[in-house]
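Enquirer: Next come the chains, spelled out residue by residue.
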Amino acid sequence: MSTYFRIKPSEFIDETVRVSFKFNGKNYHGFKGDTLASALLANNVHLVGRSFKYHRPRGIMTAGSEEPNAIVQISDGTNRTEPNVRATEIEIYEGLEASSQNCWPSVNHDIGGINNAISAFLPAGFYYKTFMWPASFWEKYEYVIRHSAGLGKSPTERDPDVYDHRYIHCDVLVVGAGISGILAARNAAKNNLKTLLVDEKNELGGSTIYQNREFNKIENQNSSDWLKKEIKELRNIKNLEIKTRTSVAAFHGYNYLLARENLTDHLENKDKQGKIRQRLLKIRAKKVILATGALERPLIFNNNDRPGIMLSSAVKKYADFYGVVSGKKNVFFTNNDSAYESAFCLHNKGINVEAIIDIRESSNSKIVKAVEEAGIKIHWSHTIVDTRGYKRLSEISAMMLSNDGLSVTGSKINISCDCLGVAGGWTPAVHLFTQSGGKLKFDENDNVFLPNIYPSEQMSVGSCNGDFKLKEIISNLSTNLKQFLKVDKTDFDNVLIESEEENSKRNIWLLPSDKPIGKTKPFVDYQNDATAKDIKLALREGFRSIEHVKRYTTTGMGTDQGKLGNMHALGIIADTAGVKMSELGTTTFRPPYTPLTFGTIVGRNVGEYFDVFRRTPMNDWHIENKAEFENVGQWKRAWYYPANGETMHEAVQRESKAARESAGILDASTLGKIDIQGTDASEFLNRVYTNAWSKLGIGKCRYGLMLNEDGMVYDDGVTTRLGENHYLMTTTTGGAANVLGKLEDYLQTEWPELDVYLTSVTDHFATASICGPNSKKILNKLIPDLDLSEESFPHMSFKNAQIGNIKCRIMRISFTGEHSYEINVQSNYGKAIWEKCMEAGKEFSITPYGTETMHLLRAEKGFIIVGQDTDGTMTPIDLQMDWIVSKKKYDFIGKRSLYRSDTMKEERKQLVGLLTDDPNIVLEEGAQIVSDLNQSPVNMLGHVTSSYYSPNLKKSIALAVVRGGKNMMGKKLFIPMEDKTINVTIENPVFFDTENKRLNA
Amino acid sequence: MFLINCPYCGERDHQEFKAGGEAHIERPKQPTELSDDEWAEYLFMRKNIKGIQFERWNHAHGCRKWFNMVRDTSNDQIKLIYKMGEKPPAE
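Protein chains in written order, with numbering that gives the first Met the number 0: chain A, 0 to 1000; chain B, 0 to 90.
Be a bit skeptical, because a hint or two may be false.
[Said to hold, decoys possible] Using 20 Å as the maximum straight-line C-alpha spacing, the simulated EDC-like pairs for lysine to aspartate or glutamate come out as follows:
#  : chain 1 : residue 1 : chain 2 : residue 2
1  : A       : Lys888    : A       : Glu749
2  : B       : Lys64     : B       : Glu32
3  : B       : Lys46     : A       : Glu708
4  : B       : Lys28     : A       : Glu743
5  : B       : Lys86     : B       : Glu25
6  : B       : Lys82     : A       : Glu743
7  : A       : Lys285    : B       : Asp12
8  : B       : Lys86     : A       : Asp744
9  : A       : Lys285    : B       : Asp75
10 : B       : Lys17     : A       : Glu743
11 : A       : Lys193    : B       : Glu10
12 : A       : Lys894    : B       : Glu10
13 : A       : Lys193    : A       : Glu232
14 : B       : Lys78     : A       : Asp744
15 : B       : Lys28     : A       : Asp679
16 : A       : Lys281    : A       : Glu456
17 : A       : Lys438    : B       : Asp71
18 : B       : Lys86     : A       : Glu749
19 : A       : Lys741    : B       : Asp75
20 : B       : Lys28     : A       : Asp754
21 : A       : Lys741    : B       : Glu21
22 : B       : Lys64     : A       : Asp674
23 : A       : Lys886    : A       : Glu834
24 : A       : Lys886    : B       : Asp35
25 : B       : Lys82     : A       : Glu752
[As the list claims (entries may be wrong)] Covered stretches of chain A (in silico footprint by chain B; criterion: 3 or more residues with CB under 8 Å from a CB of chain B, positions within the stretch not fixed):
#  : segment
26 : 245-253
27 : 887-894
Think of the hints as simulated: they come from the structure by calculation, not from any bench. These numbers were taken from a predicted model, which means no experiment stands behind them. Backbone N, C-alpha and C fix where the C-beta goes; we use that ideal spot for every residue, glycine too.
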C-alpha cells in the first residue's frame, strides 16, 4: 500500500491507532480520526460511486455534509444497514463495511454507464416525455426504471438499534461550533444564560481550527492556536452544554428546532451494543444563534465531475486536518483567493501544485503574491474548457476567457494532473434561517443570499451572515452579540486581529467552452446529473418559475438537496432569462438539512409503543379464553371467541344463537362514560340531545341521539338519571373523547351560564352486559334479594346493588333486543364481576360474545352503529328515527338544520333494510346499489352499510342507505358485483322481533 | 411549532392545543327564527384570512379551557391571547 498519500498528519489523526475497514469488499486501513472519505483518499481511492442518471464515475468532492457524490451503503453483515450515507461524514471504526451505490455489477464496471454514451437522448424531462405512451405500458416501464434508478438498498429486517427523543429547553442555542459559534456560546454562557452549543462534526472549531493561515492572526497568534485555547476554556464554563456529532435538521417557528445527536455510529460494532444509536433533540430555545458557516461553491464548466475534481477547500482540509494528499499533481481553478490558500498549504507541505487557472485578470492580495513567489504558475483570465480521464482525472484543457466571459479565445493549454481543486466562492449556509421563516436578500457584491428579516429571536453570525474575513467576523460578532444578548461587553471586544484583505472577484455562473453547450457536460447538480444544458432546455421549453425548473430538471432534488449547485442553477436561469437574482428568488429550503433515519424520527415509538392501546379490566380473561381482538379506536376489544378450531363465521353464528336462545355476556367497558352533574344538568341534556330529558325520572334510562349543528348524527348512547342533578351519559367507544370535547366547548363558550360539570369516567367503571331469555335468572342468582319484577325493575331503568362486597350500578338496557342487564362496577372489580357472571350463568350455558356478534344482533334489530351506518351525512330523519326528534323543544344542537331545504329533500340517502332474493348470499359492506343495470353511466342509488348472515332468521340481512329509500319499501334493486349481479329487495330495517316482545320476556 | 401562552397555564408547546376555527361566531339564540340563508351564514361561512385572524384554541392536553387568539396567518405570529367571553381588541 502506498504511503505517499499520507503526509505527516495533524493532531486530529491518531496514527497509533490503526483502523481496518472494507470498501466494496476490499480491505483498507486508516487511522483513528479519519472519515471514510479521508481514509479512502489516503489509499488513493477516488472512484467511489456512479451518478444517478448517466452512471458516470464519481469521486469524493467535499469534506462535509454537502457531499453529492460519495454516497455509500453501510452494512455490517447483520441486519444493521443504512443507505445514502455520506462518506465524508462517516468516522471509520474497526470492522466498518461500506459499498458504492447506484452501480451494477460494480463501481468499476457499471453496465448503466451506457447511459452516458447515449446521454444525448436523455435530456431533462426524458422520463416524463418518453414513457407517457402507451399509458398501459407504464407498469412495465416503471419496473425497469425503478430498477435502474434507486439510491442504495433499504434494510429488509427490523432495525436492531434503539433510538431516543429528548426535549431540551435553553436560553441560547448556538448552531455551529466554528470560531463564531464558539465565541457566541462562550459569551452567552458567561452571562448566566443556559446555553447549548451543537455541531455536526466530532471536533469543535470549524475550519479555523486546522487552518494554519499565515495571514490570519488573533492577538499575534495563529488563529487556530488562539481558538484551541478558547475551546479548552469552554469545558469549564458553567451553563454551557456542548453536543458534537449533532446536526440540526429543522428550524421551525417560535425557535423550535430538531437536531439529531449521533451517539454510536463512530463506534465498533461490539461497542454499539446496548447503547442508544441516535437521539432526536427537540429544542425550544429563547434565542438562537446560527453560526452555520458557508459552503464552498464549485465552478460550472465542461466535464466538471470527474473523480479527482474536488472543492479547493476540501483539498485543503484533507491535507491540513487529515494529513491526506488528494493527488500527486494538483491544479487549482478559481474565481477568488480561496484556492491560493489551498495551493499555498499544499506547497508548504511539499506537495506539487502544477498551476492555478484563475478567471480573474489579477489579484493583489498577499496570499496571491506568496503563491507567485513560491513559483506556482498562474494562468490569469483563463478558464478550463474540458477535462479528461474516465475513472480518474488525468488532464485539463484551459483557454483564455473573452472580456465578457461568454466565450474563449486563443490556443489551448493542456495540463496533466490527477487532482483539480475548484474554488467558486462561498455560499452562506442559510438553510436553517429560511426554514424558520426568515427572508433573504441578495448581495450583488458577493453573489450570495443573506439573512435579511428575522421571524423570531435569532441572529446569524459569521460566514452564514456573509462575513468571510476574520476581522469582519469578529468585529461584527462583537457588536451584534452585545445587542442580541443585551450585554455591555464581550470577551473579545478588543482582540487584535490581522486577516487577509478583501480580494477581487469575478463571477461567471456558467463558464464557456470551445465547444457549443450542446456538446458539453457542465454539471450543476452532481447527484442528479442535471447539467447547465438541461436548465437552458427547461427555459427554452417555457418553464419560468424556479420551482418548476427545479422539478423538471431535478436540480437540487437529491439527498444532498443541491447544497453545492443550487446557486449556479439560479444564476444560469437568471442569466438566460435576463432577470436579476434578487427578482428570481430561491427555491424553498425544507427540513431536514441532512437526511434523518426513520429510527431517529420514531424514537421509542416502535412495536407496541407505536400507538398506545387501551385494554379493559377483563382483558386477561379474554386472552385466557382465546378471544380474537379487534381495534376500536385505541381499545383492544374481544372480537369473537373461536372454540375448537371454529372459523370466525362459525364462532359468530354460535355466539349469536346462544345470546338469543339462553344467555350471552359482552364486555362493554369500552363505551364512553361521562358523569354529568349540576343544577342545570337536565337543561343541558335537553340542549345536546334531540329528544326531551326534563321528565326523565330518577333511576330511569333513556336513549339519546346527538347531532352536529349541521343536523347530522354525531353520536348516540343511553343516559341514566342517577339523581336529581346527576346523570351518567354513555357514548360510542370511538366517540367518547370527541363527545366530551364538544360538550365542554358548548358549556364554556355558548352556555357558560349553565351550572353543569362534566367528568370523563370511562376508565373508572367496567361493564359486563348479560343478555338473553335467561339473563334475569342469572342476575337473580347473583343478587337474590334484588326485586327484578317488571314493576320494580322495568326495561330502561337503573338500580344500585351489591354483588358480594362489590357495589354495582345495574342498568336494564338492551342493544340486542333481548332482555338484558348492564352491570357497572368499579374498574378493579371488572374481572371479578365477569367471572361471577360466568359462574352464575354456567347452568344456562352463558356464552361470551364479542363485538362481531354484538353487531350482528343489533343489525337483526335494525339498531344503527354511528360511524358504520352513518357517515356524517345522515340526519335522524334519514335514519328513519323521526321518533327520537322532539318537535316540542324550542332548540337543541342541530335542530335548525333539520329544516334546511337540503336536509328536507325526499331523495336524500335513507337507511333501509335489504334482503337478498337468495337468502344465502351475504352482501359485501360498501357494495353499490342500482335500479337500472342498463343505464350508462349507471346511477348509484346508495350502498350497503351493514351485512350479516343471521342464524336466528336463517337468512342474510343487510342495512343500506338508498336515495329516497324510505318510499321504496318492497322495491327490487340490483347490486352489481365483479362476477355477478345480486337481486335485492328493500325492507323495513327491523328484521327480528319487530314488536319488541323479547325485551320483557 | 407555536409556543402558546395559555391564559390559565402559561406557555406550552402547541402539541398540547387544538385549533377550533374562527372566533366570535356566536350561536344564534333563536335559530328557528332564522331564514335558511341566515342559518347557513352561521353554520358554514368562515373567513380564511391571510393576515390577522381571530381564532379559538383549546388547551386540550392541559386545562381543557377554550380561549381566543389573534394570529397573523401569514407569518404565524401570535399577536394576542385572551379568555373566552372577553371582548376582542378593537383593531
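Enquirer: State for each hint whether it applies.
Expert: Here's how the hints hold up against the structure:
1. Annotation: proposed proximity of A/Lys888 to A/Glu749 holds, straight-line Cα distance about 18 Å (limit 20 Å).
2. Restraint check for B/Lys64 and B/Glu32: the C-alpha separation of about 31 Å exceeds 20 Å, so the hint is violated.
3. Note on B/Lys46 and A/Glu708: the hinted pairing holds, with a Cα-Cα distance of about 18 Å set against a maximum of 20 Å.
4. A hinted pair counts as satisfied when its Cα atoms are at most 20 Å apart, and B/Lys28 with A/Glu743 qualifies at roughly 19 Å.
5. Simply put, B/Lys86 and B/Glu25 have alpha-carbon atoms about 13 Å apart, close enough for the 20 Å limit, and the pair holds.
6. A threshold of 20 Å between alpha carbons decides the hint, and for B/Lys82 with A/Glu743 the separation of about 15 Å falls inside it, so the pair holds.
7. Taking the CA atoms of A/Lys285 and B/Asp12, the gap is about 13 Å. The hint holds against a cut of 20 Å.
8. Taken as a hint, the B/Lys86 and A/Asp744 pair is honoured in the structure, with Cα atoms around 18 Å apart against an allowance of 20 Å.
9. Distance check on the hinted pair: A/Lys285 and B/Asp75 sit about 17 Å apart at the alpha-carbon level, within 20 Å; holds.
10. Taken as a hint, the B/Lys17 and A/Glu743 pair is honoured in the structure, with Cα atoms around 13 Å apart against an allowance of 20 Å.
11. Taking the CA atoms of A/Lys193 and B/Glu10, the gap is near 18 Å; set against the 20 Å cutoff, the hint holds.
12. Note on A/Lys894 and B/Glu10: the hinted pairing is violated, with a Cα-Cα distance of about 39 Å set against a maximum of 20 Å.
13. Taking the CA atoms of A/Lys193 and A/Glu232, the gap is near 17 Å; set against the 20 Å cutoff, the hint holds.
14. A threshold of 20 Å between alpha carbons decides the hint, and for B/Lys78 with A/Asp744 the separation of about 23 Å lies outside it, so the pair is violated.
15. Proposed proximity of B/Lys28 and A/Asp679 is supported: the alpha carbons are some 18 Å apart, at most 20 Å.
16. For the proposed pair A/Lys281 and A/Glu456, the alpha carbon gap of about 17 Å is at most 20 Å, so the pair holds.
17. A threshold of 20 Å between alpha carbons decides the hint, and for A/Lys438 with B/Asp71 the separation of about 16 Å falls inside it, so the pair holds.
18. Pair hint B/Lys86 plus A/Glu749 holds up; C-alpha atoms about 15 Å apart against a cutoff of 20 Å.
19. Between A/Lys741 and B/Asp75, the direct Cα distance comes to roughly 26 Å. Violation of the 20 Å bound is thereby established for this hinted pair.
20. With a C-alpha separation of about 18 Å, the suggested pairing of B/Lys28 with A/Asp754 holds against the 20 Å cut-off.
21. Our distance criterion of 20 Å between C-alpha atoms is met by A/Lys741 and B/Glu21, whose separation comes to about 16 Å.
22. This hinted pair checks out: B/Lys64 and A/Asp674 have alpha carbons roughly 18 Å apart, not beyond 20 Å.
23. Simply put, A/Lys886 and A/Glu834 have alpha-carbon atoms about 45 Å apart, too far for the 20 Å limit, and the pair is violated.
24. For the suggested pair A/Lys886 and B/Asp35, the alpha carbons sit about 19 Å apart, so the restraint of at most 20 Å is met.
25. Among the hinted pairs, B/Lys82 with A/Glu752 is consistent with the structure: their alpha-carbon atoms are about 16 Å apart, no more than 20 Å.
26. Only residues whose beta carbon comes within less than 8 Å of a beta carbon in chain B count, and the segment 245-253 of chain A has 3; three or more means the coverage holds.
27. A stretch counts as covered by a chain when three or more of its residues have a beta carbon under 8 Å from one of that chain; for the segment 887-894 of chain A and chain B the count is 3, and the coverage holds.
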